[in-house]
Every structure is written in structure tokens, then in C-alpha cells.
Amino acid sequence: MSEGQRLNKNTLAKQNRKLVIAPYLFILPNLLIFGTFIVFPSLLGLYYSFHVYDGLNPMKFNGLDNYIKIIGDREFWSTIGRTGIYAAIVVPLIYAAALGIALLLAREIRMRGFFRAVFYWPTMISYIIVGLTWKWIFGDSFGILNHLLTVVGVEPVGFLTSSFWANTAVIIATVWSRAGFFMVIFIAGLQAIPTDYYEAARLDGATGIKVFRYITLPLLKPTSLLVVMLTLIDAFKAFPLMFALTGGGPGKDTTYIVQYIYEIGFNRQELGLASAMSVILFILIGGFSALQFRLSKGGAT
Amino acid sequence: MTKRTTFKLITSMVLVMLLIVLTACGNSGTNANPKQTTLDFLWFSDGKEGEVIKEIIKEYEQTNTKVKINLIEVGFKDIQTKLKTMLSGGKPPALSRVTDTGSFANQAVDLTPYVDNADQFEDQFIDSLKPYYVINDKLVAAPMDVTANGLIYNKTLFDKAGVKVPTSPDQVWTWDEYTAALKEVMDKGGARYGMVWDVTPHRWSTLLYQNGGSILTEDGTAAAINSEAGIRSMEQFKQLHQEGIMPESVWLGGENPNNLFRSGTVATHWAGNWMISNYKDITDFEWGVTYMPKGTQRSSVPGGKFLMAFKGSGYEQEAAEFIEYLTSKEVNSKYNQESLFMSPRKDSSVLNYEFGKEMFEIFADELKNSSPLAANDWSRQTIISKISTDLKNNIVEVLSDKATPQEALDRTAKLINEAIGSQ
Chain A
1 MSEGQRLNKN TLAKQNRKLV IAPYLFILPN LLIFGTFIVF PSLLGLYYSF HVYDGLNPMK
61 FNGLDNYIKI IGDREFWSTI GRTGIYAAIV VPLIYAAALG IALLLAREIR MRGFFRAVFY
121 WPTMISYIIV GLTWKWIFGD SFGILNHLLT VVGVEPVGFL TSSFWANTAV IIATVWSRAG
181 FFMVIFIAGL QAIPTDYYEA ARLDGATGIK VFRYITLPLL KPTSLLVVML TLIDAFKAFP
241 LMFALTGGGP GKDTTYIVQY IYEIGFNRQE LGLASAMSVI LFILIGGFSA LQFRLSKGGA
301 T
Chain B
1001 MTKRTTFKLI TSMVLVMLLI VLTACGNSGT NANPKQTTLD FLWFSDGKEG EVIKEIIKEY
1061 EQTNTKVKIN LIEVGFKDIQ TKLKTMLSGG KPPALSRVTD TGSFANQAVD LTPYVDNADQ
1121 FEDQFIDSLK PYYVINDKLV AAPMDVTANG LIYNKTLFDK AGVKVPTSPD QVWTWDEYTA
1181 ALKEVMDKGG ARYGMVWDVT PHRWSTLLYQ NGGSILTEDG TAAAINSEAG IRSMEQFKQL
1241 HQEGIMPESV WLGGENPNNL FRSGTVATHW AGNWMISNYK DITDFEWGVT YMPKGTQRSS
1301 VPGGKFLMAF KGSGYEQEAA EFIEYLTSKE VNSKYNQESL FMSPRKDSSV LNYEFGKEMF
1361 EIFADELKNS SPLAANDWSR QTIISKISTD LKNNIVEVLS DKATPQEALD RTAKLINEAI
1421 GSQ
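Protein sequences appear in the order of chains A and B.
Quick note: the first sequence uses the numbering used here, first residue 1, plus one each step.
Quick note: the second sequence uses the numbering used here, first residue 1001, plus one each step.
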């Protein structure tokens, strides 16, 4: 090998090394944040779940006791059930609302950008603000809705004091605050469908509903799956919105699993038990994610 | 861009990120001036006491030039979480204003060696407060103000209905007379509701004590809430809702009772004495304080706000000195008088308030005529703080017909006994 060739090889090796290191350096900041704020606290939570810990005094190892206690905790399971019912109602509603809006706003209509912004805007507001805003609407004595009812001579309704109405209020607020986000995903999905399919269908004389049923819906399957899974995971993590809107009430009628864990951890000061509940919730949500990954054939949505 | 500059750019980006993370994790409370000591003081305000304490701090700093007090203000609802985060994160504040002394007793500085004479120090304050701040023979806190539950009423609505309120302790209503009066104010005075009651088990327990009940037995070794008096209190509370005397929106819908009273549509508000300062600015109607009705006996529920210094802050000595200053007769009287609070000091029971002096006298009379079991229950903070939310939830279960009073109270009793067992 000549001197020149060797030099050239060295420079190439150096450049290759840089190319190998560079991508890691790019993801390092994210990795650092992910590790500090997600991985480390998660592992710490897992560690706490095997202890009796009130957050202040020294923790005591108690093996699987927290998990055994959860198995016998009727309240925990009924909260899971309540969360499941909430998810079963909210997921199809968000799906239908997001898809409906996306179908309307994917077309060339006047002021399309404005309408898209209007529907997207609520997703940018924090859940606490969403909850408080809807509280002003549904509030029993000071709510706008009851004020309007009184003006037209109708008796005020206890929107936040009856189980049915409080759940309805929570569901309306959830759909309002989330549909816009999934609308964007659906619009992207709709735009990815080649126009030739539609043209071919129209040439064959297919009507609007048939086009939707046989072309749009099947081709949106990966997007639909993603939306359903994300809304399902969201529903199981729901907390701040109802905390601000109903406080989990009346009674515990809108107390879903995360709020229950919060109450056990911070009000009853049983952080070990709350951590064990979080681990169970993590497994549940992890299960949904695995299912989504599987159904979408390895994440290729 | 050459590869070298790209590399430099990435390296500097990473370094900046590292710096941000490290700064965020580091101790931000480090003092720039080594000669001056900065004490972090965690604080919440119900009324105007935040303004008053700032003035007092300013005066303290003028005479103690080496000490600087850094007042960290948070909402009342957040103070518990904030304090826990600071303590468990290993960065305790030098001191804090607390209501729940039991939860933090192990982290508190025992003030005994810092005060000249612990017995003399404790002797300055109302005796019933002692269990709140002397825990396991340690002086873990010092009282700043004492509170009482009482009855605030809308004078304008009562006058309109022509209903008189008791003006002296011997005219105190029975519960039947009280509810009859409320119905009259609703009928003739146009009040939408007869009463609102703060959504806290502390305020609810007033009724329990008036009926001769208690949360715990006298020696604190077992639950007593599911007694006959407890059940009667629960039934009575439910009936007040069923008859429309109380709105469901407060206990069931989480509506703020202060706002309802302020709207001028509610005849009475069962609240604490701190509401005097809160309602001071009401101009739409006249309001006042009257005596609470009696069941088998009269009773209010005492409470208080305390000052606590924390171990490991590095400024235990300075914090203890500042606590002594704040609880001294002169400073404590100024604080309570200007904040419209009641002093926990025996020698400052009569303060020269610029507003509502006669109202404070009624609150003080309620305290004097309280069941001793009320202070006994609420001073056992290590137990009470663990079951408080469950008690509230169980009251709501009764109101929303999901449990009978007996079921709800038996459930609460079970949790109380568990909490006692885990001590």
C-alpha cells in the first residue's frame, strides 16, 4: 500500500467513525430527557411498588403485599370498570367526530383553513383549562347553560350533581378537546389515498356512500387503527379534565383510574400502593400498544 | 456546512442540553452572598395575611440584616404536595406554614433546644392546641393563629323575612328552630338556599360534635364515628339536602360555597373565622356572624395554622429564631389583628380588630363552648389526614343514595381503625 493510499484510508476511517457517532449525538439530548424524566421515574415507581412508603418516612419492603391488596380492592376494580365504560363510549365518539370533520374538511371548500383551525384549536388547550371552561358552561348555579334555561323559563338542571349528566358533560368535553387532533391524522390519511381509485370508482358509477364504504374506509384502516388505539390509551390515562370539571364527582361517578391512583398516593399517602396500581395500569396500556403494534403488522400504519 | 462544523454544532447542542438538565437538578437556592442567610419560607394565604406577613418580614430583615426571608407562596390546596416534594427531594425549606402537623412531625426540627424553656413556651398558647404541635414529646411546631367554625349569615335576607338571629349565647337555636328559621328566610326573604357548608369533613364534623358524637374514642385507640350520634348526623345532613335547604351543587357538584354566599342568594354559610376577612369586601348586602344551633350540646371545631422548621435545611437555628419572633406577643398580635385572625396566645385573646370585632367574639364563644372531643380528634393529625378524603367520599355516597349512613360510617370506621393500626 502506498503512503497516499494509507492516508486516504485513515481519513476515511475517521469520517466513518464520525458518521457512526453523529446519529447518537443527535438523539442524545432526547435520550437524556427520556431517561431522566420517563425511564428513571418508571423504574423508581416499580421499586416503590414493593414497599410501604408515604413519601417522607423511610420505606419498608413488603414484597408483593401491595399487589395482593389491589386484588382485594373492590374500589380499584370498579374504577377500572368505570374507566372501561368511559373508554367504550368516548373512543367511538371521537373516532366518528374526527372522521366526520376530516371528510368535510379534506374537500376543497371555502375557508377550509379557517375551519380546520377552529376544530384543531381546542386540542392546544391544557386539559385543566378545558375542564374549567366546561364547568362554566355546565355549572349548576353559575353555569351559562342553566342561566339560559332559566331565561327561557325551564327549571335549572343539576348537570354536575347527577351521575348521568356529569358523565355526559365529561364525555362532551373530552370529544370536544380531542376530535381536532385526530381530524388532522384522518386528513393526512385521506390525502394519502390515490385519487385514481376514486376516479375509477366514479367511472364505474359508484355513489358517495359506496365510495366511502368500499374505498375510503378500507384504505383508512391503518389510520383508523392508530386513532382507535391512541384514543383508547388516552381514555385510560384521563384525569386532569375531569379533575377540573367534576372533581371526580358526584361521589365517585367520574373518578377514573388515574384519579383513584392519585388519591391513594397523595391523599391517603400510600405511595407504594399507588405505584403498584400504576404498574398495573402500565401493563394494561402496554397491552393496548402491543395489540396495536400487532394489528398494524409491526407498526407499519 | 462542513462535517467539522456539523460536529461542533452537535457537540455544543448536547453540552447546552446537559447544562440545562444539570442546572434544573441543581440547588437553585444557593446564596450568592455568603455573609447573608436566606431562609426559604413556604406560605399560603386564605385572605390578606400574605400582605401582613410580608410587612413583618420586612421589619425582621431590617433588624436582622444577616437574614433574608424568601417567601414562597403557593395555593392552600398545593402546599401539602409542594412541601412533600421539597422534603422527599432532599431540599427542605427552612420553614413552612402548615395545618397538617402530624404528616410532617418526623421531618420537623424539635424546637425544644432552641427556645429558652419549652414548658414556658408552650404555656403561652391555648391548651387545646398542644396536641397539634407537641408530638411524641417533641416541640415540632408553633401555633400562629387559631381557627373556629361558625355561622355567617346574610343579614339582608333575614331582615327581609323578618327573622331574628340569636344575639347572645342563651338565645342559641335548637337545630329544629334553626331549620324552621331558614325555611322562613327562603319563603319570605327570597333566599334560594337556607345554607351552604364547606366541603370538608372538618366543617361537617361540627354537626357530629353538636350531636354528641366524635370521630375517635377519647383515648384515640378506636373509631367512634359509626355511633348512633354519627348516624343521626349523617341522616340530618342528608335531610337538609333532600328538603332543598342545602344545594346539592356544593357537596355533589363541587361548587364553591363562598361564591354562592357572595351571590346573595344563600341565608347562611357554615365556615371558619377566616371568612370574615374574605367577605370583608361584600357590598351588595349586609352580613354578620351569629351563634351556631345546638344539638345535644353546643360545639365548634378548633383548628389552627402552625409554623414548622425542617431538619436538613442547614438553617435550623435561624429558622427557630424567626419562629420565636413570629410567635412573640407583639408580632403575633399584630399579625392576627391585621389579618383578621384569632390569636393562639392566651395573653392576646382580645385583639383590637379594625373590622368585625363583635364577630370574633362570637367565634371565640363558640370555641369556648366546644366539645373537648373535637380538639381531641382533629389534633390527631397523623390519623385524620389519612382518612379525611375517604370520610368526605363516604358522606357524598350517602347524599347520592349509594350507601346508607350506617354502611358509609362503618366503612369509614374500618379505614380509621386501619390507620390507627398502622401507627
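These aren't lab readings, by the way, just hints derived from the structure by calculation.
One or more of the hints may lead you astray.
To be verified - Distance condition first, Cα-Cα at most 25 Å in a straight line; then the derived DSS-like pairs of lysine-lysine:
#1 B/1402 with A/69
#2 B/1280 with B/1160
#3 B/1082 with A/237
#4 B/1077 with A/60
#5 B/1311 with B/1155
Hint check results:
no.	hint	in the structure
1	B/1402 with A/69	holds (24 Å)
2	B/1280 with B/1160	holds (21 Å)
3	B/1082 with A/237	holds (23 Å)
4	B/1077 with A/60	violated (28 Å)
5	B/1311 with B/1155	violated (49 Å)
When each numbered hint is compared with the structure, violations occur for hints 4, 5.
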